[in-house]
Amino acid sequence: MTLNTEQVEPAEPNVGTQGMTVTARTQRQLVTRRFFRHKGALFGLVLFVFVFVLAFSSIGFGPIPGWWDKPWTGSGTLLDRGRPTLSVIPEFLGGSGIHLGEHPFGQDNLGKDYFALTMRGAQISIIVALTIGLVSTVVGTVIGALAGYFRGWVESVLMRLTDVMITIPVLIIGAVVGQMAGNLGPYFLALMLGVITWTSVARLVRGQFLSLREKEFVEAAQAVGTSAKRIIFKHILPNTLGVIIVSATLAVSSGILLETALSFIGFGVKPPDTSLGQLIETYRSAMVTRPWLFWWPGIFIIAIALSVNFIGDGLRDAFDPRQNRVRN
Amino acid sequence: MLAFIARRLAISSLVLLAATFIMFVLVALSGDPLGDLREQSTPQAQAQMAARIKALRLDVPIPVRYFGWLGDLFRGDLGVDKSGHAVSSQLALATTATMQLVIVATLLGAFIGITIGVVSALRQYSSFDHGITFAAFVCFSLPVFWVATMLKQYLAIEFNDWLRDPVIPLWVIGLVAVFAGLVWASIYKGRWKGKLTTFGIGFAVTAVVLYALSASHWFADPGLGFPFVLVVSLAAAAGASALIAGWENLQPMYAALASAGVGALLYYPLQQVLSDANLLSILGLALLTIVVSWALGHTLGGLLRRQAIPLAVFSGLLTGGLIFVDRILQAWHSYTVSVRNRPIATIGSETPNYSGDFWHVSLDSAMHLLLPTLALILIGLAGHSRYSRASMLEVMNQDYVRTARAKGLPERTVIVKHAFRNGMIPITTIVALDFAGVFSGAVVTEHVFGWRGLGAMFTKSLREVDPTPVMGCFLVAGAAIVIWNMIADIAYAYLDPRIRLS
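Chains as they are written, first to last, in the working numbering: chain A, 1 to 328; chain B, 1 to 502.
Because the hints were derived from the structure by calculation, they are not lab data. Remember, predicted model here, so these are calculated numbers, not experimental data. The C-beta atom is built at its ideal place from N, Cα and C for all residues, glycine as well. One or more of the hints may lead you astray.
Claimed, not checked - As a list, the in silico SDA-like pairs of lysine to any residue whose alpha-carbon atoms are at most 25 angstroms apart:
1. 39/A with 26/B
2. 39/A with 27/A
3. 39/A with 129/B
4. 460/B with 188/A
5. 39/A with 135/B
6. 54/B with 289/A
7. 460/B with 180/A
8. 270/A with 26/B
9. 270/A with 16/B
10. 270/A with 36/B
11. 39/A with 126/B
12. 39/A with 186/B
13. 460/B with 16/B
What the hints assert, rightly or not - Listed next, with one range per pair, are the computed distances between beta-carbon atoms:
14. 152/A with 17/B: 21 to 31 angstroms
15. 320/A with 215/B: 46 to 56 angstroms
16. 172/B with 110/A: 29 to 39 angstroms
17. 163/B with 39/A: 37 to 47 angstroms
18. 49/A with 365/B: 40 to 50 angstroms
Claimed, not checked - So the derived list for chain A, only partly shown, Cβ under 10 angstroms to chain B, looks like this:
19. 164
20. 172
21. 176
22. 238
23. 239
24. 242
25. 260
26. 302
27. 310
Based on the sequences and whatever the hints tell you, model everything.
Written out as structure tokens, the structure is:
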């Protein structure tokens, strides 16, 4: 199992014994093929791209302006008690037509445009989740790879460290870290949360390394005097890429739930910045009078987490060598 | 085995010790413990600050403070919080509250999740299976605080409103009945004719039951009554023994039926005893039930005693449980009046200043437990159903299951005896680890429902940068993780003889 793309032979059709056409495909082609034939995964991918593009293009990000004209800060005048103006039922079905309106997601009690606010929350939550996934995967992979390849005292030290980290519930250490880093902005918070959630990846990668380092190709590499660094990164790591990618996706989805939960109990993203969890906490008491303030952020959290979970499931099936339902 | 436990305990305590050090340092660095006093401009602030610095030993480096805390811990003293209250007494109260919340939720979530998972594994690639898979994905992606707030709004507040005139509209009955029929039909395996019949029966039964409940205003004053207790307990006894022992082995079924029947017939005599019950007498009655059912199973079980005894005990306890629920519901009417017709509570663990007899107080805590438990179950359900489905599928494809079928064993025996028992081995570990991890879920749930448990204690003292209570909470949560991990290992080795602990 290698992901080397140099071998991409022009898929020359061989006429097989039974008149079947057999095409040679590289691992990457196989994985991509299986992934795009997985309906759930495709649905997840489309949903995630949609949410991502919507969140970042609408109100703009940093210096780049977006197509939505209202800012997420600053208040305005309340129109129709801040009710959402979004309408999706076309006129011929008795609705008021498909349009966004002045404030598609409504307004809060100060007249803030809730669409812009939700988009800002989604931006921050997506960034935090992706950072958590990236950082925890990189840290976990390095620790797991070192422990699994070198064995001996390196493994003892690293695995005891992992045991210690596992003893602390993620939400507890997350809250403590959030209390420390919350004031330093969401990016730093995401980095810190990534640094504490690497344990499961580390265990997974170590397990893979433990079995792969006994294989002949590693022995061959060692025999010709390849350096440990090269064996780890060029010989063994590509073979564990499937496992790592799948667990990275799952880390992103648990990352968004962790961040929103922390923001909800007050240890995550702090005002003036906002995140989906913090929006829910802020407007939780307005549930009776302005339910839309509670609905939209929740729907976006679910949409992001669900789409990432579906992508992860599709990737898991795509990387599974036993999975051969999709042949041609 | 003992050597293994001792070694594991030693290693685990060292790991926990290291974790306490990390936690202590992090909490101490997480903010300014004098923050609230610095903002005050009163003349006493300076003195208060000096007093707090002395009390919390803020003038010495953090590691020194840690070893001071550790020394106290080894003497059995968890220290005092900022305002001078002992942490140990607060911790005991908070742990009890969280336990209440978590135990029922975890057990129920595991039970329901495993049932769903096993059924969807037995009907792999059916529409039931696909539906459950999708639902599990949604549950995985649900933020627990969002679900909890929704439950509060739609289940509690609107349900309480609805209780004023508890009539279910016909279209709701129709929709629910169609849904129930579809679920049953999707579980049924066979020709479309059978599917259609299953749908019809499921639809009709659900519709009739809902209509009857609605028409008789059952929700205004719910209760079970003797006929219900009798029929349900006998049916459950028969069903359980049919599943475990099979229709062809009658002795275990007789034992189970006898145990359920005796229990149900004691319904009226028991009312007198139950009218002034307390926790102790209830536990005594439960113990008595176990002893009597055990004896029944032993005498009636014949050669199949090993199946008959657990079946009889299960039926006896189930019947007892039904009678218990029935008695609690008898307190419903006077309870709803005393809480202004809003029985489902949304905040806290008990109605403030509420007093009543044992049944009223029990109903009060049950009503407060309802929503948080539901939220926790919903979140836990997904994991359990996925894991048990995967594990069950793995086992069903093993050679020994094929052998069992090949030698002509009935499908029930193959599934219950050969597949299910082996499929559940990994699940035991997962349920054990679940108990270890529930703390995280409880923190958020407690925040939503204003429950004063470990989570609330943790968030409050962390916000105030008060290390001793935070460390107390962490000790409980960390010890739970360490101990339940060990229990999981031991259970695994006990259930799967191929694994040797060394």
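Evaluation of the provided hints:
1. About 45 angstroms separates the Cα atoms of residue 39/A and residue 26/B, which puts this hinted pair outside 25 angstroms; it is violated.
2. Taken as a hint, the residue 39/A and residue 27/A pair is honoured in the structure, with Cα atoms around 20 angstroms apart against an allowance of 25 angstroms.
3. Taken as a hint, the residue 39/A and residue 129/B pair is honoured in the structure, with Cα atoms around 16 angstroms apart against an allowance of 25 angstroms.
4. Restraint check for residue 460/B and residue 188/A: the C-alpha separation of about 23 angstroms stays at or below 25 angstroms, so the hint holds.
5. Our distance criterion of 25 angstroms between C-alpha atoms is met by residue 39/A and residue 135/B, whose separation comes to about 16 angstroms.
6. Taking the CA atoms of residue 54/B and residue 289/A, the gap is near 49 angstroms; set against the 25 angstroms cutoff, the hint is violated.
7. Proposed proximity of residue 460/B and residue 180/A is supported: the alpha carbons are some 15 angstroms apart, at most 25 angstroms.
8. A distance of roughly 19 angstroms separates the Cα atoms of residue 270/A and residue 26/B; the hinted pair therefore holds under the 25 angstroms criterion.
9. Of the supplied pair hints, the one linking residue 270/A and residue 16/B is violated, its CA atoms being roughly 31 angstroms apart against a limit of 25 angstroms.
10. In summary, the hint linking residue 270/A to residue 36/B is supported, as the alpha carbons are separated by about 19 angstroms, within the 25 angstroms threshold.
11. Straight-line distance between C-alpha atoms of residue 39/A and residue 126/B comes to about 17 angstroms, which keeps the hinted pair within the 25 angstroms bound.
12. Between residue 39/A and residue 186/B, the direct Cα distance comes to roughly 21 angstroms. Compliance with the 25 angstroms bound is thereby established for this hinted pair.
13. Note on residue 460/B and residue 16/B: the hinted pairing holds, with a Cα-Cα distance of about 23 angstroms set against a maximum of 25 angstroms.
14. Residue 152/A and residue 17/B have their C-beta atoms about 24 angstroms apart, which keeps the hinted 21 to 31 angstroms range intact.
15. At about 54 angstroms, the CB distance of residue 320/A to residue 215/B agrees with the hint of 46 to 56 angstroms.
16. One distance hint, 29 to 39 angstroms for the beta-carbon pair residue 172/B and residue 110/A, holds here, with the actual separation near 38 angstroms.
17. The given range of 37 to 47 angstroms is respected by residue 163/B and residue 39/A, whose C-beta atoms sit roughly 43 angstroms from each other.
18. At about 48 angstroms, the beta-carbon gap between residue 49/A and residue 365/B stays in the expected band of 40 to 50 angstroms.
19. The beta carbon of residue 164/A is positioned within 10 angstroms of a beta carbon in chain B (closest approach about 5 angstroms), and the interface hint is therefore held.
20. For residue 172/A, the interface hint holds, since its Cβ comes within 10 angstroms of a Cβ in chain B; the closest pair sits about 6 angstroms apart.
21. Nearest Cβ of chain B to the Cβ of residue 176/A: about 5 angstroms, under the 10 angstroms cut. The hint holds.
22. Against a cut-off of 10 angstroms between C-beta atoms, the interface hint on residue 238/A is violated, since the closest Cβ of chain B lies about 27 angstroms away.
23. Because the beta carbon of residue 239/A sits about 24 angstroms from the nearest beta carbon in chain B, more than 10 angstroms, this interface hint is broken.
24. Checking residue 242/A against chain B: minimum C-beta separation of about 18 angstroms lies over 10 angstroms; hint violated.
25. At about 5 angstroms, the closest approach between the beta carbon of residue 260/A and any beta carbon in chain B falls short of 10 angstroms, and the interface hint on this residue holds.
26. Evaluation of the residue 302/A hint against chain B yields a held restraint, the C-beta minimum of about 5 angstroms falling below 10 angstroms.
27. Taking 10 angstroms as the C-beta cut-off, the interface hint given for residue 310/A holds, the closest approach to chain B being about 7 angstroms.
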